[in-house]
Amino acid sequence: MIRLAGGRVIDPAHGRDDVADLWIDHGRIVPPPAGRRADQSFDVAGKIVMAGAIDIHSHIAGANVNTARLLLPEHHRAHLARPPATPLTELGWSTTETGRLYGAMGFTTVVEPAIAPHTALHAHLELADTPIIDKAILTVLGNEDFLLSLMREKEGAGPIRDYVGSMLASSRALGVKVINAGAAMAFKHNVRSFGLDDVVPTYGVSSRAIVSALQRAVHELGVPHPLHVHCNNLGLAGNVETALQTIAAFDSLPIHLAHLQFYSYGTEGKRGFSSAAARLAEAVNKATHVSIDVGQVMFGQTVTVSSDVLRQFAATRFAHPKKSIIIDGDSNGGGIVPIAYRKSSYTNAVQWAAGLELFLLIEDPRRVFFTTDHPNGAPFTSYPELFALLMDRNLRAAWLEDLPKSALDMTTLPAITREYTLFEIATMTRAAAAKLLGLSDRGHLGEGALADIAVYHDLKDRAAMFRAAHLVFKNGENVVRDGKVVREIDGKTLNVAPPYDRGIDRRLDGYYEGLYGVPRRLFTVPPEARGFLSAFQDVPCAA
Amino acid sequence: MPGRRGEGRHPRAWIEGVACSLDAAIEAALGRLRESRHPLFAGLGCDVEGARKLVRLAKLVGASIDHLSGTATGIELAVARDMGAFLTTPGEAAARADTLFILGPETGEAGTEYLDRVLETTPKLAARDAPRGVVWVGPALKAKARSNRLDITSFQVPTPQIATLLAALRARLADRPVAKAPLSAPRLDAIVEKLRQAKFGVAIWSSPALGPLAIEALAGLVRDLNETTRFSCLPVIGADNAAGVAMTLTWLTGFPSHIDFARGEAEHDTWRFDAARLARSGEADLALWISAYRHHWPDWAGDMPLIALTARADQMKRSPAVIEIEVGTPGADHDTVDFSPASGLFAFRAATARQAIPSVAEVIDRFCTELAEPARSLR
Ligand SMILES: [Zn+2]
Chain A
1 MIRLAGGRVI
11 DPAHGRDDVA
21 DLWIDHGRIV
31 PPPAGRRADQ
41 SFDVAGKIVM
51 AGAIDIHSHI
61 AGANVNTARL
71 LLPEHHRAHL
81 ARPPATPLTE
91 LGWSTTETGR
101 LYGAMGFTTV
111 VEPAIAPHTA
121 LHAHLELADT
131 PIIDKAILTV
141 LGNEDFLLSL
151 MREKEGAGPI
161 RDYVGSMLAS
171 SRALGVKVIN
181 AGAAMAFKHN
191 VRSFGLDDVV
201 PTYGVSSRAI
211 VSALQRAVHE
221 LGVPHPLHVH
231 CNNLGLAGNV
241 ETALQTIAAF
251 DSLPIHLAHL
261 QFYSYGTEGK
271 RGFSSAAARL
281 AEAVNKATHV
291 SIDVGQVMFG
301 QTVTVSSDVL
311 RQFAATRFAH
321 PKKSIIIDGD
331 SNGGGIVPIA
341 YRKSSYTNAV
351 QWAAGLELFL
361 LIEDPRRVFF
371 TTDHPNGAPF
381 TSYPELFALL
391 MDRNLRAAWL
401 EDLPKSALDM
411 TTLPAITREY
421 TLFEIATMTR
431 AAAAKLLGLS
441 DRGHLGEGAL
451 ADIAVYHDLK
461 DRAAMFRAAH
471 LVFKNGENVV
481 RDGKVVREID
491 GKTLNVAPPY
501 DRGIDRRLDG
511 YYEGLYGVPR
521 RLFTVPPEAR
531 GFLSAFQDVP
541 CAA
Chain B
1 MPGRRGEGRH
11 PRAWIEGVAC
21 SLDAAIEAAL
31 GRLRESRHPL
41 FAGLGCDVEG
51 ARKLVRLAKL
61 VGASIDHLSG
71 TATGIELAVA
81 RDMGAFLTTP
91 GEAAARADTL
101 FILGPETGEA
111 GTEYLDRVLE
121 TTPKLAARDA
131 PRGVVWVGPA
141 LKAKARSNRL
151 DITSFQVPTP
161 QIATLLAALR
171 ARLADRPVAK
181 APLSAPRLDA
191 IVEKLRQAKF
201 GVAIWSSPAL
211 GPLAIEALAG
221 LVRDLNETTR
231 FSCLPVIGAD
241 NAAGVAMTLT
251 WLTGFPSHID
261 FARGEAEHDT
271 WRFDAARLAR
281 SGEADLALWI
291 SAYRHHWPDW
301 AGDMPLIALT
311 ARADQMKRSP
321 AVIEIEVGTP
331 GADHDTVDFS
341 PASGLFAFRA
351 ATARQAIPSV
361 AEVIDRFCTE
371 LAEPARSLR
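In the order they appear, the protein sequences are chains A and B. Read in order, the letters of the first sequence are residues 1 to 543 in our numbering. Read in order, the letters of the second sequence are residues 1 to 379 in our numbering.
Bound-form chain A, shown alone:
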């Protein structure tokens, strides 16, 4: 039995912010025991105690991420946590270091949000080699011939629901993501731009219809995490209209919009590129069916890794260094395009400001999530700087001084005075994140919760505070002390397995044989492979 004595316990799930002891037994949080002494006691007086943080959207594993590692061996330096002297950070983004670096910051659960079903086994192999944290994948649907054919033939919601259920099972995923719905297929037909009402050639199915069908299927299957949507027209000037249309179009059921910063651009100003984040934040505030994550841009070299192959192909012209990989995969696609976000760049400064505007203007921290869309906006190792920016308007003012004035004129950021509290940070990165994913066993410090706990020094320098947690417990085991990993344990992989009509599996078996001439099991994560993977934990679905 472990006792964390006298810390300031911030637990938004229970509306709590007070000084108290926390007790851990058998990997869980337990009530203070009567008449029993702790086997081990940590004096955490004056420290901040939160549940382990949860990252709902970070590209940490899988074929596309690994291809980025191959393309950019020199990129490891970009992942150095600042300052670079910590012994943990000599390597950047191997799976091993990913788990360790997340652990050091007090994160204990991370979701890899973009895994094409056929590459799920690859992703799970990588996640099994990612220590300390628990993890999960979202499976990417919306471009498969099988699905689009079901829609073209108007087979109705039942077969689509069963198909989604089957794909969740065969890829061992926690939820479903749709990425520029239909665009990867359209790109194979040489389509170069694709909006919400564009139609996939030969199928006659619109992007809007695909999102709608998947949103409904996910809901009907009872999957806790709503459909996770990467909208059309990412990165383009004026694409705020796409985001606003998307928010309006799918208002009958919950929906999660990923990396909204990349859709918060207007066309104002001499360059025809401005921040429309304030308008977008206002729409999100009103649309209670919507949750978002930001995809904050931070300055420096990074690499964009995206299954939005149509958009990534367009971005290859701006690659830095000048080399990209474009993948036409089975059903899905992918693009690996390196990029350097520069403070001196008008565009990059607008992007940076727009992200912060979304964070600061969306009022409810339960519906806005903390991401840099790692590594697309910045490596996750830049989170501590970002926490600090959200919590300190003077720090923001200091950053603004280094940025092009012409860019700042195109945003409302300089006028925003809001500062996040620790309670709001804990809401966004713990309580709300767990709720969004349907993980009732974490994200809070109530009795019975997993003892995933992060203890921080209460430093004025919030970046320093969040960069190196004082103590981190995973399943009640002390894994980090003062930012150093002291114990590497194997986390679990979280997945859902909603019931569906297995008839669809027989149909799919025949379909795969017919199309590819090889058995479908080559494209799945079969139960017999579990010895090579992390242990799975089933997350319950609504009945």
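These are computed hints drawn from the structure, not numbers from a lab. Each statement offered as a hint is correct.
Taking lysine-lysine and the BS3-like style, the derived pairs with C-alpha atoms no more than 30 Å apart in a straight line are:
1. B:199 x A:322
2. A:47 x A:492
3. A:323 x A:343
4. A:323 x B:180
5. A:322 x B:194
6. A:322 x A:405
7. A:460 x A:47
8. B:180 x A:322
9. B:59 x A:484
10. B:199 x A:154
11. A:154 x B:124
12. B:199 x B:124
13. A:323 x B:194
14. B:199 x A:323
15. A:343 x A:270
16. B:59 x A:492
17. A:343 x A:405
Put chain B with the ligand on the given structure of chain A with help from the hints.
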């Protein structure tokens, strides 16, 4: 291979060519590893699980790893890393490509098997309803390509001239004049026209035959074709799960090969950590040679003492290894996850005839257990 793999085979091992117990061989290998100043791990013909354990062992003993020098996968990765790439899957090429651009001579066992399948498959997802177009450039046309469901144009070009040809095609695509080419201008333009007319074209080749210059030229040509149409590439997957091991090493260390752990953390340098150079210069003083898919040896085998984990050989005469341990073949003797040339993906394969012969992972794991400092709880 029925008949060769009888049930109830037992572990076999040899020290200096003399049969011994598995335990004795492992003990002797451990002694060598402990004494070695700078061990080299090479070959790495093994599955994902084997590669995982090898990385762990390399960290424990400060080894260098090179399994890609001179291999198809090594060449592909080097070019992609310099130039970028357009890539597709065996599945998409089979199901969607209305045009196949096949380059060079025979493509090895896996390549031949795949090509046979593709050439006999109708591309059900192709954008146009016509026989699949095949542009065949190489020393000889393949027999299977004479199917009547295919619209074949073949051009006899000696393999060493394919790089020049591809550069010439690229120039013609951009409407630039060509001074020197292995084919006449009208024939060049005929190829360019077929490629340009493709709705979804796929170039297929095997890199050891073609070499890096041709692959670079092809990458440039395909990039240019994508300005107006869709075209992608499918290099034929090399032997020995090289692609799968390269990927595993990449996620575990950040690098696909040419890695060194002498200073604790992974360092990467394609010249310094080249296996042949380390062997011949004497910088490495011991090699751990892994070859679970087939029985073969590196050409530098005589330059240093070798510990070998190898697949079963029909005749075990004159092994260059000081210590040799027979290991199971992945997917035959034990369950495995490795890279499938049929799908271009990692796939699980159950053992076809489970044997009591240890896997690479099991042998390496025993080394790790003996060499690891306690208190570590890595997988
Ligand atoms: Zn993303």
